[in-house]
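A.B. asks: Protein sequences, first through last, are from chains X and B. No gaps in the numbering here: position 1 of the first sequence is 2 in the numbering used here, and each next residue is one more. No gaps in the numbering here: position 40 of the second sequence is 56 in the numbering used here, and each next residue is one more.
It is possible that some hints are incorrect.
Said to hold, decoys possible - Here are the simulated SDA-like pairs of lysine to any residue, each with C-alpha atoms no more than 20 Å apart in a straight line:
{"no.": "1", "chain 1": "X", "residue 1": "K72", "chain 2": "X", "residue 2": "S13"}
{"no.": "2", "chain 1": "B", "residue 1": "K86", "chain 2": "B", "residue 2": "M70"}
{"no.": "3", "chain 1": "X", "residue 1": "K72", "chain 2": "X", "residue 2": "S52"}
{"no.": "4", "chain 1": "X", "residue 1": "K57", "chain 2": "B", "residue 2": "D75"}
{"no.": "5", "chain 1": "X", "residue 1": "K38", "chain 2": "B", "residue 2": "M70"}
{"no.": "6", "chain 1": "X", "residue 1": "K38", "chain 2": "B", "residue 2": "L61"}
{"no.": "7", "chain 1": "B", "residue 1": "K73", "chain 2": "X", "residue 2": "A95"}
{"no.": "8", "chain 1": "X", "residue 1": "K6", "chain 2": "B", "residue 2": "D75"}
{"no.": "9", "chain 1": "B", "residue 1": "K86", "chain 2": "B", "residue 2": "D54"}
{"no.": "10", "chain 1": "X", "residue 1": "K6", "chain 2": "B", "residue 2": "D54"}
{"no.": "11", "chain 1": "X", "residue 1": "K6", "chain 2": "X", "residue 2": "R18"}
{"no.": "12", "chain 1": "B", "residue 1": "K19", "chain 2": "X", "residue 2": "A42"}
Everything labelled a hint here was simulated from the structure, so no lab data went into it.
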Amino acid sequence: DQQVKQNSPSLSVQEGRISILNCDYTNSMFDYFLWYKKYPAEGPTFLISISSIKDKNEDGRFTVFLNKSAKHLSLHIVPSQPGDSAVYFCAASAFSHNTNAGKSTFGDGTTLTVKP
Amino acid sequence: DVKVTQSSRYLVKRTGEKVFLECVQDMDHENMFWYRQDPGLGLRLIYFSYDVKMKEKGDIPEGYSVSREKKERFSLILESASTNQTSMYLCASSFSGLAGREQYFGPGTRLTVT
Numbered sequence: 002d003q004q005v006k007q008n009s010p011s012l013s014v015q016e017g018r019i020s021i022l023n024c025d026y027t028n029s030m031f032d033y034f035l036w037y038k039k040y041p042a043e044g045p046t047f048l049i050s051i052s053s054i055k056d057k058n059e060d061g062r063f064t065v066f067l068n069k070s071a072k073h074l075s076l077h078i079v080p081s082q083p084g085d086s087a088v089y090f091c092a093a094s095a096f097s098h099n100t101n102a103g104k105s106t107f108g109d110g111t112t113l114t115v116k117p
Numbered sequence: 017d018v019k020v021t022q023s024s025r026y027l028v029k030r031t032g033e034k035v036f037l038e039c040v041q042d043m044d045h046e047n048m049f050w051y052r053q054d055p056g057l058g059l060r061l062i063y064f065s066y067d068v069k070m071k072e073k074g075d076i077p078e079g080y081s082v083s084r085e086k087k088e089r090f091s092l093i094l095e096s097a098s099t100n101q102t103s104m105y106l107c108a109s110s111f112s113g114l115a116g117r118e119q120y121f122g123p124g125t126r127l128t129v130t
């Protein structure tokens, strides 16, 4: 079963408008959530994150919202720019005290296209 | 700046060959990861290492093994390559501890097995 789901494979928005990318998870052990951005022929790069003790985190044009009761998070990009066109991966992390490490489970990704 | 490098950007191998994918990070990270990325399937964890010589299986370890003899280097080994291992392979690293959730990725190796 897929523990992290991004139900929209693609999203197209006009430059200057808001982009909203969604992500759902099932495992209550996840305590930290991240968004990564990936351009073609490059590895993913970290964009923004949120701890499970918060419901919102903002960084410039990017805001992540977390609804723990619904097990849902979303990434808002305002205003959207053509350079934001990329694949966005949602990731949910669970920490293990045995290994002293957080391991992430990734969604399938959403391809965002921002049209000029 | 964190740098994660992978030995090859593109690799073509024949079925049955033993394949080595190398990853090196320069940030003294304790954790290193190997993922494969396939269309519509996102990133799936193959193996994870949380210290030198320490490893843990990920979600899809079958057909793969790993080696971590030095902290900065993590190798993925395909013992006998098969066509269903044709994929993009991504290496990542992170710090240990609760604060080490962000992973830094290499550029990826696109492996084709013919």
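A.B. asks: Indicate, hint by hint, whether the structure satisfies it.
C.D. replies: Against the structure, the hints come out as follows:
1. X/K72 - X/S13: Violated, because 25 Å separates the two Cα atoms, which is more than 20 Å.
2. B/K86 - B/M70: OK: B/K86 and B/M70 at ~11 Å, within 20 Å.
3. X/K72 - X/S52: Given pair X/K72, X/S52 holds - Cα atoms ~13 Å apart, limit 20 Å.
4. X/K57 - B/D75: Since the Cα atoms of X/K57 and B/D75 sit roughly 30 Å apart, the hinted pair is violated (cutoff 20 Å).
5. X/K38 - B/M70: Roughly 29 Å separates the two Cα atoms, so the pair is violated.
6. X/K38 - B/L61: Within the cut-off at roughly 18 Å; holds.
7. B/K73 - X/A95: Cα-Cα ~15 Å, so holds.
8. X/K6 - B/D75: Holds, at about 16 Å.
9. B/K86 - B/D54: This hinted pair is violated, its Cα atoms lying about 29 Å apart.
10. X/K6 - B/D54: Since the Cα atoms of X/K6 and B/D54 sit roughly 15 Å apart, the hinted pair holds (cutoff 20 Å).
11. X/K6 - X/R18: violated (24 Å)
12. B/K19 - X/A42: With Cα atoms ~16 Å apart, B/K19 and X/A42 stay inside 20 Å; holds.
Of the numbered hints listed earlier, those contradicted by the structure are 1, 4, 5, 9, 11.
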